[in-house]
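> Take the sequences, apply the hints, and build the full model.
Residue numbers (the working numbering), protein chains in the order written: chain R, 1 to 146; chain E, 147 to 292; chain B, 293 to 374; chain U, 375 to 456.
Read the hints as simulated data drawn from the structure, not as lab findings.
Heads up, a few of these hints could be off.
[To be verified] Result set (BS3-like, lysine-lysine): computed pairs, CA atoms no more than 25 Å apart in a straight line:
1) E:Lys203 x E:Lys213
2) E:Lys203 x E:Lys269
3) U:Lys394 x R:Lys57
4) E:Lys269 x E:Lys282
5) E:Lys213 x E:Lys269
6) B:Lys312 x E:Lys203
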Amino acid sequence: MRLSVQAEAFDLGAESNAFAAHVAGAGAVVTFTGLVRDNGGSLAAMEIEHYPGMTEKAIAAIMDQAKARWSLVDALVIHRYGRLAGGEAIMMVATAAPHRADAFAAAEFLMDYLKSRAPFWKKELSADGATWVAAKGEDEAALNRW
Amino acid sequence: MRLSVQAEAFDLGAESNAFAAHVAGAGAVVTFTGLVRDNGGSLAAMEIEHYPGMTEKAIAAIMDQAKARWSLVDALVIHRYGRLAGGEAIMMVATAAPHRADAFAAAEFLMDYLKSRAPFWKKELSADGATWVAAKGEDEAALNRW
Amino acid sequence: MIDVLYFAWVRERIGLPREKVQTDAATVADLIAELSAREERYALAFSDLAALRVALDQELSSFDAPLAGVREVAFFPPMTGG
Amino acid sequence: MIDVLYFAWVRERIGLPREKVQTDAATVADLIAELSAREERYALAFSDLAALRVALDQELSSFDAPLAGVREVAFFPPMTGG
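Structure (structure tokens):
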């Protein structure tokens with residue numbers, strides 16, 4: 001299990017290959033990557049603030065829960081902070097399990113909890129100014145399924 | 147949307163990066179990779195047979211269904227046939243969508259249908275001999291959720 | 293004349309991957325009956341239809357489907373892709 | 375003395391990321407009342423508690439939680455990670 005909270009960009013392909021290279025016993029690897037949506041015209045940059053110390057603890061706790069609930073061979077969470085340009089990768093999650101149901105469920109669980117329980121705050125920067133991204137009711141509701 | 151049925155190995159990292167590089171408007175990319183389970187001791191090789199012609203049609207039809215059901219920016223399916231060693235990647239699916247729920251749902255849908263509706267048959271080769279992998283009731287049942 | 297294809301253990305039991313069959317069978321079930329009457333290896337391969345699937349011109353179909361106009365019939369076990 | 379941290383728009387409204395606060399507040403709610411009484415910018419930041427979250431020593435907590443033994447209190451809006 002690896003967890004990294006970092007300002008630097010990461011390489012989705014390299015991270016995926018490194019992760020999948022050491023998952024003996026796994027038949028299924030799922031990755032999720034969150035990107036800054038780049039809708040052509042109004043390219044939105046993003047500024048991500050976080051709570052150093054609590055961030056790592058919160059993510060580690062979420063990963064421990066996932067490990068306890070599903071049969072996981074391994075899991076990975078990388079989450080960036082700081083300023084990101086449109087199209088850039090914000091974060092990624094990877095899970096490896098003997099079977100696909102566990103790999104998918106654990107990845108979705110990690111994402112749902114990272115969205116609403118890891119101390120990150122996103123600010124969108126566009127030509128119109130800067131706006132803090134509001135938490136969505138559906139993201140809070142998504143936690144109820146677990 | 148790209149679909150490849152091939153004997154050659156593919157590079158998960160390179161395919162993931164190539165896929166994620168052209169998904170403007172997407173905020174979420176999900177990949178699934180199926181591996182030949184390599185449990186150390188009894189390294190199982192796998193032989194995958196398929197039905198050339200029908201395979202491509204069946205996968206294209208499944209991808210069209212996914213595209214019709216979810217808001218997808220792009221999707222990718224790569225599936226190998228022939229002989230694979232333990233730990234090798236059998237296939238991968240990638241989906242890109244504005245939001246994570248669609249990317250996850252479409253990837254799981256593609257996987258469930260590829261499992262039971264794309265004409266591939268797996269044979270496991272071990273020290274004990276060769277055995278055709280039996281279809282699982284739970285895989286057929288998984289289709290009912292869609 | 294139709295092309296009849298066999299995959300996986302159906303192919304192994306029958307001993308060949310494909311053959312041309314001259315038949316007037318009206319349905320898939322009729323064709324199965326004709327083939328099973330030929331030789332033991334066919335009867336064995338078709339002994340449990342619940343363990344078989346059929347595709348007509350590369351589309352999954354059912355055993356009671358008519359064969360009129362069909363050029364390619366394929367028999368195989370439940371698929372195990374992914 | 376406890377460390378009080380502010381993040382996102384809470385930080386922007388109050389105008390600083392962290393400060394040390396000398397307080398005898400028994401609960402988080404009491405601390406909020408003390409801070410809000412200080413200056414308008416605090417009152418504004420804390421005006422809608424439904425839009426706020428609190429962490430005590432880096433664990434999510436609630437507004438009625440006691441402050442005894444707590445060294446670090448953080449106020450922030452609902453999180454938007456992922």
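> For each hint, tell me whether it holds in the structure or not.
The hints, checked one at a time:
1. E:Lys203 x E:Lys213: 15 Å, holds
2. E:Lys203 x E:Lys269: Status holds; Cα separation ~23 Å.
3. U:Lys394 x R:Lys57: Since the Cα atoms of Lys394 (chain U) and Lys57 (chain R) sit roughly 23 Å apart, the hinted pair holds (cutoff 25 Å).
4. E:Lys269 x E:Lys282: Satisfied, since the Cα-Cα distance of roughly 14 Å is no more than 25 Å.
5. E:Lys213 x E:Lys269: Answer violated: Lys213 (chain E) to Lys269 (chain E) is near 31 Å, above 25 Å.
6. B:Lys312 x E:Lys203: 23 Å, holds
In this structure, the one hint that does not hold is number 5.
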